[in-house]
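Given these sequences and hints, build the entire structure.
Going line by line, the protein sequences match chains A, B and C.
Each residue of the first sequence is one higher than the last, beginning at 1 in my numbering.
Each residue of the second sequence is one higher than the last, beginning at 348 in my numbering.
Each residue of the third sequence is one higher than the last, beginning at 695 in my numbering.
Incorrect hints may have been included.
Derived DSSO-like pairs (lysine-lysine); straight-line CA-CA distance at most 27 Å [unchecked claim]: (1) A:Lys229 <-> B:Lys376; (2) C:Lys792 <-> C:Lys923; (3) A:Lys90 <-> C:Lys923; (4) B:Lys609 <-> B:Lys543; (5) C:Lys806 <-> A:Lys98; (6) C:Lys923 <-> C:Lys997; (7) B:Lys642 <-> C:Lys997; (8) B:Lys576 <-> C:Lys723; (9) B:Lys462 <-> A:Lys196; (10) B:Lys630 <-> B:Lys594.
No lab work stands behind these hints: they were computed from the structure.
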Amino acid sequence: MQFTANEICLLLNGTLEGNADVKVFQLAKIEEATEGALSFLANPKYEPFLYTTDASVVIVNNDLVLEKPVKPTLIRVDNAYSSFSVLLEKYNSLKLHKSGIEQPSFIDPSAKIGKNVYIGAFAYIGANAVIGDNTKIYPQCYIGDAVQIGAETTLYSGSKIYHDCVIGDRVIIHGSAVIGSDGFGFAPQADGSYHKISQIGNVIIEDDVEVGANTCIDRATMGSTIIRKGVKLDNLIQIAHNAEIGKNTVIASQTGVSGSSKIGESCIIGGQVGIVGHIVVAKGTQVQAKSGINKSIEEEGKKFGGAPATNYQNYMRSQVVIQRLPDIERKIQELQKALDELRANNA
Amino acid sequence: MQFTANEICLLLNGTLEGNADVKVFQLAKIEEATEGALSFLANPKYEPFLYTTDASVVIVNNDLVLEKPVKPTLIRVDNAYSSFSVLLEKYNSLKLHKSGIEQPSFIDPSAKIGKNVYIGAFAYIGANAVIGDNTKIYPQCYIGDAVQIGAETTLYSGSKIYHDCVIGDRVIIHGSAVIGSDGFGFAPQADGSYHKISQIGNVIIEDDVEVGANTCIDRATMGSTIIRKGVKLDNLIQIAHNAEIGKNTVIASQTGVSGSSKIGESCIIGGQVGIVGHIVVAKGTQVQAKSGINKSIEEEGKKFGGAPATNYQNYMRSQVVIQRLPDIERKIQELQKALDELRANNA
Amino acid sequence: MQFTANEICLLLNGTLEGNADVKVFQLAKIEEATEGALSFLANPKYEPFLYTTDASVVIVNNDLVLEKPVKPTLIRVDNAYSSFSVLLEKYNSLKLHKSGIEQPSFIDPSAKIGKNVYIGAFAYIGANAVIGDNTKIYPQCYIGDAVQIGAETTLYSGSKIYHDCVIGDRVIIHGSAVIGSDGFGFAPQADGSYHKISQIGNVIIEDDVEVGANTCIDRATMGSTIIRKGVKLDNLIQIAHNAEIGKNTVIASQTGVSGSSKIGESCIIGGQVGIVGHIVVAKGTQVQAKSGINKSIEEEGKKFGGAPATNYQNYMRSQVVIQRLPDIERKIQELQKALDELRANNA
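Take a look at the structure:
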C-alpha cells in the first residue's frame, strides 16, 4: 500500500502544509518513524520529536503552533489522534482483506454460507451451521454442527466453536480460543469416582464482542452461557458453564469466572482475578488485578481488591500495614516489656 | 430428535399421568422450559414452577403430592434427578454420534485404527499410532507418532497429542489441549544463556480422565508424567514434566502443578492454585482457590488455604485479622500513648 | 533405534568395561531402567542403584570406584551427566527427524520455502511468508501473510503465527501457542461501549527462544512486541502488546506481562506472576511465584515476592507474621487489659 500526502489529506478532510506528493507506505510512532512513514502528534509531550523525526508525513492538530521549521509534510485536522485511528483502521481493513473459499476446506452440504465470506484452508464447517455475510473464518477454524455465526464476524486461525453455539455480528475471536467446551460438572460416586454430567446447553456470544487468544468459554449444563453485547475478553480467560458477562464489561488476561456467576454491565475486571461460582457482581464494579471475589457484590460502581476481596481503600490500607507487620510485632513486645517494668515498679 | 411422553416413560420405567402422546424435542430447566420441552423437578424449592411451566413433560419423584392440577404430562420415577441425568446422557450420545473417516484427513499407513472410529477432516494420525474402537478424533486433532489411544475416547477439535504419549479408555480431551509438549528444563550456561535439556519421556493418561480446553500436560524429561484413572482437569491448567496426579483427583481451572510433584488420590484443588515442584500432596487434601502450596503436605484429608498455604482455619482467621490491620495499628499507638502517660505519672 | 555399548562408547570417546556388544534401544533413569536400557550415574546418592539396576549399559564418571562387581557394561567418561545429555539430544534429534512436505498442505505460491524443511499436513503458509532452511512446521500450524521464520526453527502442531510477525533461528514454539494476536486496546465511548483500536504492529521473536504450549504473545499496537534472544517462556503465559522481554530471561507457566512493560535481561520470573503495564523490571531481577509487580524495579539483581511485591526478605518476614496475626490481636487485648488494671490501681 502506498499513498501520497495529498491522498491522505483528502481522506481526512485536512489542510496540507509542505510537499503534497511525498509518498508514505507505513504507519509509525513519531519517535520511531523512518522515511516513508506516516505518523501523528497528539500529546504535546511528544512535540520535540516533530522537529527531529524522519517521518515523511505527520498528522497534527489544527491549533498546533510551530516553534521552528519542520521537515515532514504536515496534515492539520481537528483531532490528530482520532484521524490517525481512522487511518489505522483503514490500513488494517485493507491489509486484512480476505475473501473466497480456500481449498481444501470442509463445508457440510447442509451448512448455509452468506455472501462475500472468507473461509480459509482446513477450516471445518459442520452440518446445519450458518455463516453470515462478510464473515471471515481463518484457516483451521472449527465450526461445529448447528453453530450460528452472524455477519462481519472474524474467527482467527484455530478458534474452535463447538456444536449449537450462537455468535453475533461484528464479533472477533482470536486464535485457539475454545467456545462451547463442556462445563466442568461431575457427580461424586460412592466409590470415590466422579460421574460426568452431560452438558447439553450452549454458549451465546452477542454482537461486538472480542474474545482473546486461547480463552475458553464453556457451554451451559442446560440453557446458555451468555456473553452480552460489547464485552471484551483478553487472552487465556476462563468463563465457566452458565456464567453471564454483562454488556460492555471488560476483562483482562488470565481471569477466571466460575460457574453460574453473573457479572453486571460495564464492569472493569483486572488480570488474574478469580470469581467464585453462583454469585452476582453489580453493574460498574471495578476489580483490581489478582483479586479473588468470593461473595456477591450488590452495590453498583464500587472498587474492590485483595483475595478475598474487600473495598479497595481498605485493601490498600491493609496492604501497607502488612509490610510493616514485623515492626508492629516488635512494637508489641516493647509495649509488653514496658508494661511489665511498670507493674514491677508498682508492686 | 423427537419423542412422545410415552416413549420416555417406557425408557425410564416410570408411571405416566396426563397425555401420553405429547411430543418433546428438547430438554430444559423447569423455570426456563417452553412448549415441546422435557424437564424435571427434584429440588422442592422449584415446586412452584411445576404449576406455571410451559414444559410439555416433567419428570417428578414418585412421592410428589400435587397441590393443584398441572398442565404438563408427568412421569413419576424413584429419583427424578438421576432419571433426568440418564436422559441427558442419552440425548447427548445420540446428538454427538459421529462415525466414519472424513476427507481430507491424514492417516499414516502404519497407524492401527480400531473399529467404528470417527476421524474428522484435517485430523492427523502419525506413524505407528494406535486408535482404539469407538474412539472419536474430531477435526484438526493431532496424534503424533507412536501415540496409543484407547477405546471409547473422545478428542475434541484441535487437541494435540505429541509423539509417544499413551491415553486410556473413555478419556475426554477438549479443544486445543496440548498433551506431551516439552518439559520446561534448561541448564544455565556460563555466558548467561540456557541450554535446552532434551525431553524424551512421555505423558500417560489413564482411563476415565477428562482434560479441559487449552490445558497443557508436559512430557517427562525421562519416564512419564502420569494422570491417574478418573482424574478431572478443568480448562487452562498446567501440569509440568514428571508430575503425577492421583486417582479421582479433581482440579479446577487455571491451576498449575510444577515439575515432579505428586498429588495424591481424591484431592480437590480449587482454581488458580499454584503447587511448587518436587513435593508430595497427601491423599484427600483440599486446597482453596488461589492458594500457593510451597511444601509437602503429609497428613491426609486436610484443608489448606492462602499463599503460602496453611491450615485452612488458620488461614481464614488470619484473613479476617488482615482486614482489621489498620485498626490494630491504631490500637497499638493508643496503647503506647496510654503507657507513656502512665509512666510520666509514675515518674 | 538400537546401538551397541561399543558404538556409544566411541561416540562419547569413553572407556568401556564389560560386554562391548550388548545392545540398548532406550534411555532411562538408573532407578527405573530395564534390560536394553542405557542409563547414567552422576549423583553419588544414586550409586546404590548401580549394583541393582537392570540397565544394560551405564555411563559413569572416570573417577568412580566400584565397591563390588556390577552387571551392566560401564562406559567411563569425564562427566557422565553431560555425556548422557549429549545422548539425549542425539536420540531426540534422530527420533524427531522429519522432512519433506506432507499433503495436503497449503503453501501460497508467493511464499519462499528454504531447503530441507518439514511442512506437515494441514499446515498453512500465507502469501509472501519466508521459511528458513531446516525449519520444521508441524501439522495444522498457521503461518500468516508476510511472516518471516528463520532456520532450524520448530513450530509444533497447531501453533499460530499471525501476519507480519518475525521469528528467528533455532526457535521452538509449542502446540497451540498464538503469536501476533491483537493487543487488548479499546477506546471508551460516551455510550459505555468500547471502540477497538486497530493493532497494526507485530511480534519479533529473536534467535534461540522457546515458547510454551498455549502461550499468547500479542502484536504491538504500532511497532513491535519483542522477545529477545535466548528467552524461555513456559506454557500458558500472556505477553501483552508492546511488551519487551530481555535476553536470556526465563518465565514460568501462567505468568502475565501487561502492555508496554519492559523486562530486563537474565531475569527469573516464577509461575502465576502478574506484571502491570508500562513499567520497567531491572536486569537480573528474580520474582517469586504468584507475585504481583505493580511498579518499576530499578535496582538490578534483587529478589521480590508478594502481591503487591516487595523486597523478598520483607515479604517472607511479613508472611510469617501474618500466620501469627490472631495471636497478635489477642496479645494486644491482653496488653490493653493489663494497662487498664494498672491505671485503675494507680487512680
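Outcome of the hint check:
no., hint, in the structure
1, A:Lys229 <-> B:Lys376, "holds, 24 Å"
2, C:Lys792 <-> C:Lys923, "holds, 25 Å"
3, A:Lys90 <-> C:Lys923, "violated, 34 Å"
4, B:Lys609 <-> B:Lys543, "holds, 24 Å"
5, C:Lys806 <-> A:Lys98, "holds, 21 Å"
6, C:Lys923 <-> C:Lys997, "holds, 23 Å"
7, B:Lys642 <-> C:Lys997, "holds, 20 Å"
8, B:Lys576 <-> C:Lys723, "holds, 24 Å"
9, B:Lys462 <-> A:Lys196, "holds, 25 Å"
10, B:Lys630 <-> B:Lys594, "holds, 9 Å"
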